[in-house]
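Combine the two chains into a complex, taking the hints into account.
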Amino acid sequence: MALIGRALLILALLVIVYGIATSLYGARTGRAEWVASGRRSVYTLAGLMVGAFAILEIAFLRSDFAFNVVANTSSTTTPTFYKLAAPWSSQQGSLLLWVLLLSLWSSLILFLTRHRVREIAPYATAVLLGFAGFFASLAVFYANPFATSANPPPQGAGLDPLLLHPSMMIHPPMLYSGYTLLTVPFAFAVGALITGRLGNEWLMIVRRFALAAWLFLGIGILLGARWSYTELGWGGYWAWDPVENAALMPWLCATAFIHSIMIQEKRGMLKIWNASLVLASATLAILGTFLVRSGILDSIHAFGASTLGVPFVVLIGVMVISSIGLVIWRRPQLQSEAQLDSLLSREAIFLLQNLVLVAMVFVIFWITFFPLISEALTGTKVSVGPPAFRPFIVPLALVLVLLSGIGPLIAWRRVTASNLRRNFTFPVLVGVATCATLLLASDANARPFALIMFSLGAFVIASVVQELWRGTSARRATTHDPLPIAFGGLIRRNRRRYGGYIVHAGLAVLLIGVAGSSSFQHSNNVTLAPGQRATVDGYAISYVRPTAQASAAKVTFGAVLSVSKGGRHVTTLTTARSFYPAPDDPTLGPISDAFNGQADSQVGLQAGLTRDIWTVVNPDLTPLQGLITDGDRKFLQLMTSLTPAQASSPTVVNWVRDERAQAITELTDRFVTHPWPVSFLLIVSPLVTWIWLGAIIIAGGGLIALWPVPAVARRRAASRSASRRPTAPAVPARETA
Amino acid sequence: MLAFLVVLAILVVVVLVVTGPLRHAAATAAQRAPNWTGEDRAAPGSERAAVAELEAARAAKYREIRDAELDHRTGKLSDEDYEAVDHVLRAEAVEILRALDRVGGGEDSGT
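Top line first, the protein sequences correspond to chains A and B. Each residue of the first sequence is one higher than the last, beginning at 758 in our numbering. Each residue of the second sequence is one higher than the last, beginning at 254 in our numbering.
Hints are not guaranteed to be accurate.
Computed footprint of chain B on chain A, listed as stretches where at least three residues anywhere in the stretch have a Cβ under 8 Å from a Cβ of chain B [said to hold, decoys possible]:
| # | segment |
| --- | --- |
| 1 | 763-771 |
| 2 | 953-964 |
| 3 | 1068-1078 |
| 4 | 1182-1193 |
| 5 | 1220-1230 |
A partial selection of chain B residues facing chain A, derived with a Cβ cut-off under 10 Å [what the hints assert, rightly or not]:
| # | residue |
| --- | --- |
| 6 | 302 |
| 7 | 306 |
| 8 | 310 |
Just so you know, these hints were derived from the structure itself, not from any lab. No residue lacks a Cβ here, since even glycine has one placed at the ideal position from N, Cα and C.
Just chain B, with the same shape it has in the complex (with noise of 0.2 Å):
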């Protein structure tokens, strides 16, 4: 007996647990205006995806020219091939800001 009321417990503990999202969205939409259909599917999904991939595409770069400056500092790169490397980086990293602006995902979230 005991054992089945533990059982039961944590049935209902579980039930609660994995419904409370859908039991607080509809919370929330009952507070709010009947027309509304929710944050996340109002919101344009394919262009934060797009902002997504292109600031970890941009922290990639910067990885990427860190990566050849210590290359150069210990004696991997010439002179030469570092000027060369790092200025197709920055060019890139140029192109992938720019393509970041255009989508609307300016705000620099960092390496």
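Pulled out of the complex, with its shape left as it was, chain A reads as follows (with noise of 0.2 Å):
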């Protein structure tokens, strides 16, 4: 199987130098015969990516160690649902993972476009094949996924503890889907930039697809950081962590993009801003591929050092110096069409905002790069961490969110003071209000800038609020539908907007939720025995019992606590930590390494609309030291007191392992029959769900805005316009609401 694995591979790679090849004769000769068979290439590729993908899942699916990827990431011990997710914890399976799904996306959209577009498209193909051809070169040449062993070992290493969470099966395909979709629009800037069809066409293509990939990079990074609040121990969700960082300016640069495009689609303007906010949404995409690859910088979130950064460097290169150069050398059919009628219109609110979120991009590229930059300029790598990022940040999100609430309430073109005041009266008001409440009635002066993103983002659910109703009034208006089926097709028939606007509602509730569990969270690091008890943000919270328990697998020692205020029972928290064995420690016997391996923990959440309480246990394995040095000692005089025979004797080994089984469990069963103080970690935060709601709220609002106006009102609208052609022009009819 590892030889048709590899064998896919390498076809891979001749049909993609093929493709490219095909292409690009076919769009310089204008051929299409050539421009179809560089587009099957596509297809082809797709199907044999499919094909290794499939090789690699059924190998980790039967725990074929022969694989060295199944054996360093896998175990016979690993849980089936992880076992389908293990390929892409390796940086060997994470690569095939790339190639599979650039090689689908570009599949889908010259699927899509293969009567469209014809000029461009050829390019485009060339340029996705490239970025096919420069991952299936990683895959063949540095980070073989398929490579074996002649002698393979009975068990695997075992996938990373940590990753065994359930936003880990879905996280890394999202990232990975927002990274590869937003080579597609590059792939087509770069056509159109080529062939100097500079017009609508390419962007109403590309639109849905740069929106698929801000919705799935978005979602991955929220998946991410549910992963890091449940799973890594430091009660957060947002490290300002490098990989975390290259995955948000991506995302940023895209939320630009799919608000100015729509500036070029309406005015026919911002085309040079808009062509290269394209190309550095890939161009980071690809940074941030590389961040996670090269070990470059410190993270937990990268596969560490590795061989594969001087190939990125170079094609970051290569992305960057080629856009630049199209750029400047179709400047001049890249001018616009229009200016701006009144700094009051919905274009030059997407226009400031386009600004702040470029300004957020430069200032997390050059802080997150920072310590290399000082590196390099003074030889020594200077450590940035939150606090460098917040005073920039803040004031940006701010802005941002202000923006957008004003931009749904306000008009394209032109708006008059009375309209004006028509439309903000009712938000304002609301934000004021919520800016006085929170001053009367909470201690939320004590922290400005949180105060300021409560009241703000009450703004501007309530100016989105507002907007449904009005549209939903004016649809009532026309068809006199009952409520909800007007809202219903307020929404189907204007996905985009209302889809958008539920995005901006989304985010101001994700704000408010990281406004508020930043700057009033409560923690408490304490070390109590069984029955005493620690106070946090007025919880009383109780360590009643320790827990524990021992497994081939692992070993766990865990708490119980019971929280409490104003003497009344709120919740029963349950925590743990777990030890996994490390066989492979040399320094390690035969006891300690069931204690001195890789450990994750398990959180106790009781999770709130208003608050989360959130807990983790740290045991201090310190009073086990003795008995475990001292079991070690003894197994290893056991062990060599075995004559060969003996030791190869099936009912030895066996009874070998029952004993040592057995030591561990008593050892571990001490923490519960003989309990010393163990320290905790006890957190209160303040509108942590809010977060994971406005997230879904984005996807939401992500989805209707990216799910396709059906065909039947296409046609109808077509039949309609069509109807209207010979008297006047084709104008819409008078009920869009």
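Listed below in structure tokens is the structure:
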């Protein structure tokens, strides 16, 4: 099977080379059959990659440790659910996933455009295949997922325990889908710039793919945040880690693009800006992939140091230079066709919002890479953490939220003072009332940035609610439908507009959650013995009893805690920390290897709409150390005393294994029978749930905006326009609400 | 040996699939007149692209007209502003339609 997998990869590389050559030849000569052959290469590539990835998945499911990647990242005790996800926990498997997703998305866009943008498409095909060729080459020559061992181990090393989380099943494919989808607008932008076909057609084609990239990337980022919050045991969801930032930057860039593209569509403006944003988004996506794979910056999410850095630097260099070169070359054709009619118009707000988003990207880029820049200039790698980001990102985020509330309230092209009053009165009153209420009834005035964010968030939500209400009312005035039907009809007929508004409301909810949880979090790092208690933000948290469990896969030390407030029981939390065996560590004895491998935490969490109570136990195993050392000595003595015949006897081997398991169980049980004080991190965080709710609202709004208009509606619109054609401009009918 | 045969079979399928359009074009050309040079090479590519661009512009303009109307109905545009904006948008739509007529792309494909 490994041989077939490797052959499929090499075949894929040959198909890529062929596809690039035929696409470029077809583009240069205008011969459709060569273009079609190039397009078929992409479909074929997708088929080959599906086959190759299926072989790898089967190897994982069968625990075929002859595959090095399976032996290194899976084991027979890895749950089947996680065996399916294990391929992308390794450098090799994730490269294969990259090419697979890229080939599938490329096939989709090329199939959808097979009768359109005929001049641009072959160049886009060549660019997409170029990306696929780069990653396939890495998989073939640098990190082969089908490398095998002649003497496979009887057991694999197992999946990193930190990755044993449901989010990890979905998080990487979401991020990779986002990254690979961003190459689609990039490829078509390059095609449009090469051919000089810089009108609206290519933009309308790639818009949906840019939106899908934005959606997938956003979901991936939020799943990563959720994983961090519930798995990593530090109590936070965002650490401004380089790899987190690497995903955020293209997402911010894509956010700017999917807004500014509307200005080009409607007004023929910002062509250079849009082309630059498209090219920058994909370049940042590749930069993010580079950060994960090169190990150049320290990150918990990275695959560690590797030899892949240089090829990535070359690719990024080629992308940057060719992008700048193409934009400069086509600058005369990228001039705006119109000017801003008014600074008080939706396009002006979009422009300002774009500047804020790009400023955020610049700040994040600069601070993320500052350690490398400082090392290059001074020879010393300066560490920067979250405090370096906040002074810049917080004010920019406040402006962004404000603009996301203003945008839906004003029209394209122009507004008048009376309309401004009419549209802003309710949302502004809601924002002011929120601010006043929080000032009077809470300690929010101690955190001015959070107070402003709450007020602006309320303003945004009110503006979206008002827009939905007015739109529904306008539709009801025409159709006389009941309210829910009119509301559904409004959304269905204006998916892009109202999907976007819902995203704005979701963003406001999410950022309210971020502001609340980061500004008003209370935490306490305490050491408690059973029966003792500590207080955090008015919650009395008692350490009720310890728990312990030992198995062949891990040993777990846990705790049950009771939470009360004002004498009333609130909840019971259970938390634990598990230690996984480290059989390959030669410095550890047969007992100590059970307690000194990798570890992960099970968080005790009581989530609520207003606050989360979060805890994690960090058991100190020092009291067991003497017994563990003693056990190591006794077992080593036992094993050295065995004759070769006894050592190879299955009965003796099983007896030793059972004795060892018994010893480990007894040692683990001492955590319960002879409990000692252990440390806990106790956190009470307000509004964290709002972050996840906001994310769900954003995803829902994004899906609404992304959902294609039904063919029936398109045909109806077409026939309506056609029927008006002979006597008047083909103007849409006036019942669009 | 089996793996080799499987790879060989996949290779044959791959070659047949990717070269399909070339073989089809060659066969079609052989059946036609010897001086035929292919539909797409004979077709006026730049004109076709211009039509596609104008159709995309028309679709965008239709959307803009509808958006303005929705802005008006939801109170974001006053009656006077709406009349002015709508007038400009319709004039721009007429220009696009006339340009479409000029390049022969009169068939309306809707929005």
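Now the hints, each set against the structure:
For the segment 763-771 of chain A, the stated coverage by chain B is satisfied: 3 residues place a CB nearer than 8 Å to a CB of that chain, which reaches the threshold of 3. Counting residues of the segment 953-964 of chain A whose CB lies closer than 8 Å to any CB of chain B gives 6, which reaches the minimum of 3, so the coverage claim holds. Check result for the segment 1068-1078 of chain A against chain B: violated, 0 residues qualifying (beta carbon to beta carbon below 8 Å, three or more required). With 0 residues having a Cβ less than 8 Å from any Cβ of chain B, the segment 1182-1193 of chain A misses the three-residue criterion, and the hint is violated.
Residues of the segment 1220-1230 of chain A lying with their CB closer than 8 Å to a CB of chain B number 3, which satisfies the three-residue condition for coverage. Taking 10 Å as the C-beta contact cut-off toward chain A, the hint placing residue 302 of chain B at the interface holds, the least distance being around 6 Å. Interface hint status for residue 306 of chain B: upheld, as the beta-carbon distance to the closest one in chain A is roughly 4 Å, under 10 Å. Given hint, residue 310 of chain B at the interface with chain A, holds; its Cβ is 5 Å from that chain's nearest Cβ, closer than 10 Å.
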